[in-house]
Every structure is written in C-alpha cells, then in structure tokens.
Amino acid sequence: MKANVKQYARSLFELLEGKNESEAKGLIANFVTLLYRRQDLNKAKAIINELESLYDGADGLTRAELWSSRPLDGQVKSKISAYIKSKSGKSDVELSENIDKDLIGGFVLRYKGLVIDGSFKNNLLKFKKQLLIN
Amino acid sequence: MSSTKDFIVEQIKRQIADFQVSLEESSVGRVLKISDGIALVSGLTEAMMSEILIFKSNQGEIAGVALNLEENLVGAIIMGDFSGIREGDEVVCTKRILSVPVGEALVGRVVNPLGEAIDGKGALDTKEFYPVEKIAPGVITRASVNQPVQTGIKAIDAMVPIGRGQRELIIGDRQIGKTAIAIDAIINQKGQNMKCIYVAIGQKESKVAEIVRKLEAAGAMEYTTIVLAGASSPASLLYIAPYAGTAMAEYFLDKGEDVLIVYDDLSKHAVSYREISLLLRRPPGREAFPGDVFYLHSRLLERACKLNKDFGGGSITALPIIETQAGDISAYIPTNVISITDGQIFLEPDMFYKGNRPAINAGLSVSRVGSSAQIKAMKKVAGKMRLEAAQFRELAAFAQFGSDLDEDTNRKLERGKRLYEIFKQDQYQPLSVDKQVVIYYALINAYIDNVPVEKVRDFESGLYKYLEINNEVSKVILEKKELDAEIEEKIKHLLSDYKETLDYLL
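Quick note, the sequences are listed as chains V and L, same order.
Everything in the first sequence is counted per numbering that gives the first Met the number 0, starting at 0 for the first residue and increasing by one.
Everything in the second sequence is counted per numbering that gives the first Met the number 0, starting at 0 for the first residue and increasing by one.
One thing to keep in mind: the hints can contain errors.
Result set (BS3-like, lysine-lysine): computed pairs, CA atoms no more than 30 Å apart in a straight line [what the hints assert, rightly or not]: (1) L:Lys434 - V:Lys125; (2) V:Lys127 - L:Lys126; (3) V:Lys86 - L:Lys379; (4) V:Lys128 - L:Lys55; (5) L:Lys32 - V:Lys120; (6) V:Lys127 - L:Lys12; (7) L:Lys120 - V:Lys125; (8) L:Lys55 - V:Lys78; (9) V:Lys5 - L:Lys55; (10) V:Lys5 - V:Lys44; (11) V:Lys128 - L:Lys120; (12) L:Lys55 - V:Lys100; (13) V:Lys128 - L:Lys4.
Beyond 10 Å from chain L on every Cβ pair, some chain V residues (computed) [as the list claims (entries may be wrong)]: (14) Gln38; (15) Ala45; (16) Ile98.
Just so you know, these hints were derived from the structure itself, not from any lab.
Every residue gets a Cβ at the ideal spot worked out from N, C-alpha and C, and that includes glycine.
Please work from the sequences and hints to get the whole structure.
What follows is the structure in structure tokens.
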C-alpha cells in the first residue's frame, strides 16, 4: 500500500521521539533507504515540511510571517501575536519580520496557510476596483 | 458643464467616504505548476469544490476555479489569459462558488461565460448572481410538457413538435443547417412570450457576429442573450459556458417565464472538458473522454424543465446541438446526448445536397413528448405527417426499380413529392402556425394534388399572401387553436377561391 506524506512524517516523528542524536541519525538513514526502496524519494521535501509542522505542533509553536512597509513597534507585534495565539490555540508564536516598501502602510500577516492583508496597497486596489464597478 | 463636473466630484467624494476598510482572513496557496490553462496549487487547505480562486500575478488578478481537491494540492482551471501567471504566485480563496450575474440587463446583450459584456455596449447593470452549477429541479416541482414551442419550421412543428420544457437534440454533420434551425426557432419566438439564450461554444467569432446581425435585423435581440465562448477562448471558458447560460435562464424560470436555450454545440463542449480532464490527469476512457462525461451533459440538460403552477409555472426548453463526423450517430457523445434528450432532429447530408432544406430525416427524427406539444388544429392536420413522410421515402426508393405501379402507390408517391416540397423552407423565414395549419390542410385534403410539383412552392407563397389579405381565417385559428367544422368550411372556401386565381393547375 502506498503511504502518503502525512503518514510518512507521522511515523518518522513518532520513531524519533525520545531518541538521542546518534540513534536519530541511524533511524533517519534507514528512513531514507525505505523511501528509496518504495520509490518515494520525490516526497522527501514535503515530508520535511510536514515533520517541521509536527514538531512545531508538539512544541506549541506557530510560525508566522509579518510583512510591513517599516518596522512595527512592540505593542502592535504583541497584539498580532496574541491574535495568532487565540486563533491557533498554541502557546507560542514565532514572528519573522520582513520589510516590503511596496505595501506603503499597514501589514500583511501569513500563518498556517492563511493570510490577512491589511496593507495600504491592498486597500487602494480594492478601492480602485470599487470605483471601476460604480 | 461645471454642474456635471461637480456631480462627478461629489460622487467620488461620496465613494471615498463610503469606502470601508476591512480585514479578512483568507486561505492562500502558491502556484506549483502552470500549463495550458491548468494550475496546480499548494496550500489552500480550505478551498471548496468549484470555488473561485484569485491568482495574483504581476499582470493583475486572474480568476480561476478549483476542480480537483487533492490531499496536498488543488487543481484549478484559469478563467482567462494565463500567460502572466508564474510559478510561486500567490493564490487566494474567495469563499464564493462560481456564479454569474443574472437579470433583465442581460437581455439583448452579448456576454462571455463569466457574464461580462463583450458587445461594446458598456458594463452590465446587474445586482443578482446565480451559481453556475446547480442541481436540477426535483420531481415535486415539475409538470408535464403541454405547451408548444413554435419553431416556425414547417417540418419540425408538424413531425417533431417541441414543447416548453422539452430537450430536443439537433444532430447532424458540419455545414448542413443545424445552427440555422436553432436561429430560426429563436427568430420565431417574437411575441410568443419567450426569452431566448444562445450559447456559442467554440464557434467562430465571425459566425457569431453574423448571427447577432441576423437576430438584430429580425428584431430578435429584444428578447435574446448571447453567451459567447469563441474558438480562441481557453477550454475553461468553453467548459462553463453552457452552465453559465443555464444559470442566466434560471433567473427567468424563477420568475415564472419561459426560456428557450440553445447550446451550440455540445460536441465542442465535451472536447473542451476532455482537454481539462486530461490536463488534470483524470483517467481517460472511451475516445479519451473522462468517466464523467455522461454526467457532464446529463446534469446540464436535466436543468431544462417545466415547473408546475405552485413553483411559478416557468420553463426552460433546451435545444442542444451535436455535430457528428460523417453521419456517425453511434459515436460516444452523440449516443450519450441522444439518450439524455427527449428526442432528436436528425439532419441528413444526402437530403441537404438534394435541395431538401432543412434536411430533416423523417424516419430518424423523433420527439418523445410528441403531440401533447401541439395546438389542436395542428394535431388534426399533421397527425400522421411523420409516418407519411417516412413511408414516402421507402416507397420512392422501391419505385425506382419498376415503372408499373398501381394507382394507390402512384397517388401516395405524388402526394409524398408534394409533401417534401412543402417541407422545404428558406433560412430566416419562420412561418406562423396558422399558415402551417392551412398549408397542411390543403395537402391532406387533396387541394395540392393538381398543382405541378415544381410549382408547389409558388402555390405556397401565393397562398400565404392570399391568407394575409384575407386574414380572418388566420385570426380564428390563432384564437381558437382548434379546427371545428366552421373553420374548416372557411379554409375550404379560401383554398378554392385562391385556386381559381391560378393558371398552372394540372
């Protein structure tokens, strides 16, 4: 039976639990051999991504990307973190900040396959669309 | 001048004041692969089936529709020019199922399958949207077909009558007048309380432009909408075109109105769906069509219906068109659509090239709804017309071998020749039902037997003119819709009066 990416990642995740580094290395080498035998090496990248999110889930961590036109102050960032915590139900948030001058103002937040676009650029585009419709 | 300027400034001010800034959370993904109008998108964990997706490319936003929801991927078709989309571009869910604008504003317009005007007459003023895919009305809501659609084509109204809410297939090879029948039927709906929708799927834009011109000249655009997915449109637009057209028709259905919708043609629709399916890597079946190609057409044509009074009493009559290859009606798509529809009008190349136009084959054409979709007067004169026409063709083939035929056979042959002359009809010349009743009455009651075969068409056109001058008979037929002894007497009188004016009788 073919196993899918999620099943691979979960089994590897469970195998690695509580193992030290040298044990883990051996297990991973075996895992790669298994992937090779089952002709599933092309799924490796997706399995790594899935594994990362499994680890994040176990640690209670949510990764989020924050884009803004200029650095945001701490208060705003903590509000955003609180929002993500309330939405994801996880205790920890890792915010990676990026600067994108094109946004003009506001921010864009990406986490767990979702996006909140509160940038000035996006609102201007929306406004333009509304003007064109009317 | 300054007041208009002020007005515009005021309007813009008001719009700026009214503009609401809102924050919405939406599911996003990234384009993994893009080819031939199909995109594979990662992420989009919350995407719904046939949800509108927005592709954010550097050339602006392009709409797409989710068709394949897989474990880690979403397969989507792109509704428009996909050349600007690159791998890695962002794709956003809209939480809206694919829908098209509907309403009175669409009447008289040419639109694309997304409901955008493409006739250069400005944007459409529509407020309502209907979903493109919708489950057909159920048994409780339906009534049996009992009202005729007058196509104005003599051979059809007599032999294969079409009722409101029926699905009648028009099938035949290329270039033998399939579209012509549909267009004539649309032209004849003037004053019949019918909205018409013509869906052009993969047609040449020049042909559609010609059709629009003809419909405008005939005054038929006043009640007609044209949905155009031309030959150069991507397969995705061809695929949704008939569903979009039906959604537009359903708006009028819900208001209790009658709609005639023509799908021209479903062979190209099936081919475009095959293209999409193969690109989405769905397994191919017979003739490389996917497994659900039957459902593709059955769910579309099932939306044609006649609703009962409790549900408004509206109807959608569907005239799908299928193009066959070298007369092969046993190919995959033709057999599918024949089995879905309530009958077919089969056009034959042999007859077409012999000059019998419209080239309707009387033997293979049927209407399963039949005479319940005719007015009583028509039923009376045209009851056995189909049988007679089919018998004549057999007799004629048989009679080629011998010259010694008995009187009865000879009479049948002579009658048959005149019948086929009457079936001939020029394009864009639909005929009202009263005139049809009179000409058929003349035929079955031997008024045409002494008219030379080559003069039958002159006899006919003369008779119609005579009818228009003495329009009392027409009025009575249209009013009463049946033939009682009194009207028959009047018709007899009119026919013998008319024949006295002729000098070419045998």
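Status of each hint after checking the structure:
1. With a C-alpha separation of about 59 Å, the suggested pairing of L:Lys434 with V:Lys125 is violated against the 30 Å cut-off.
2. This hinted pair checks out: V:Lys127 and L:Lys126 have alpha carbons roughly 19 Å apart, not beyond 30 Å.
3. The hinted pair formed by V:Lys86 and L:Lys379 fails the criterion: a straight-line CA distance of about 74 Å is larger than 30 Å.
4. Between V:Lys128 and L:Lys55 the CA atoms are separated by roughly 15 Å; this keeps the pair inside 30 Å, and the hint holds.
5. Pair hint L:Lys32 plus V:Lys120 holds up; C-alpha atoms about 27 Å apart against a cutoff of 30 Å.
6. In summary, the hint linking V:Lys127 to L:Lys12 is supported, as the alpha carbons are separated by about 14 Å, within the 30 Å threshold.
7. The suggested pairing of L:Lys120 with V:Lys125 holds, with an alpha-carbon distance near 25 Å, which does not exceed 30 Å.
8. Annotation: proposed proximity of L:Lys55 to V:Lys78 holds, straight-line Cα distance about 28 Å (limit 30 Å).
9. About 29 Å separates the Cα atoms of V:Lys5 and L:Lys55, which keeps this hinted pair within 30 Å; it holds.
10. Using a Cα cut-off of 30 Å, the hinted pair V:Lys5 and V:Lys44 holds, with the two alpha carbons roughly 12 Å apart.
11. This hinted pair checks out: V:Lys128 and L:Lys120 have alpha carbons roughly 20 Å apart, not beyond 30 Å.
12. Distance hint between L:Lys55 and V:Lys100 is fulfilled; the C-alpha atoms sit about 18 Å from each other, no more than 30 Å.
13. The straight-line distance between the Cα atoms of V:Lys128 and L:Lys4 is roughly 22 Å, inside the 30 Å bound, and the hint therefore holds.
14. Consistency note on V:Gln38: stated as away from chain L, and its beta-carbon is indeed over 10 Å from all of that chain's, at 18 Å minimum.
15. Separation of V:Ala45 from chain L is inadequate, the least Cβ-Cβ distance of about 7 Å not exceeding the 10 Å criterion.
16. Here V:Ile98 stays apart from chain L, with its beta-carbon at least about 18 Å from theirs, past the 10 Å limit.
In summary, the structure is inconsistent with hints 1, 3, 15 from the numbered list given earlier, while agreeing with the others.
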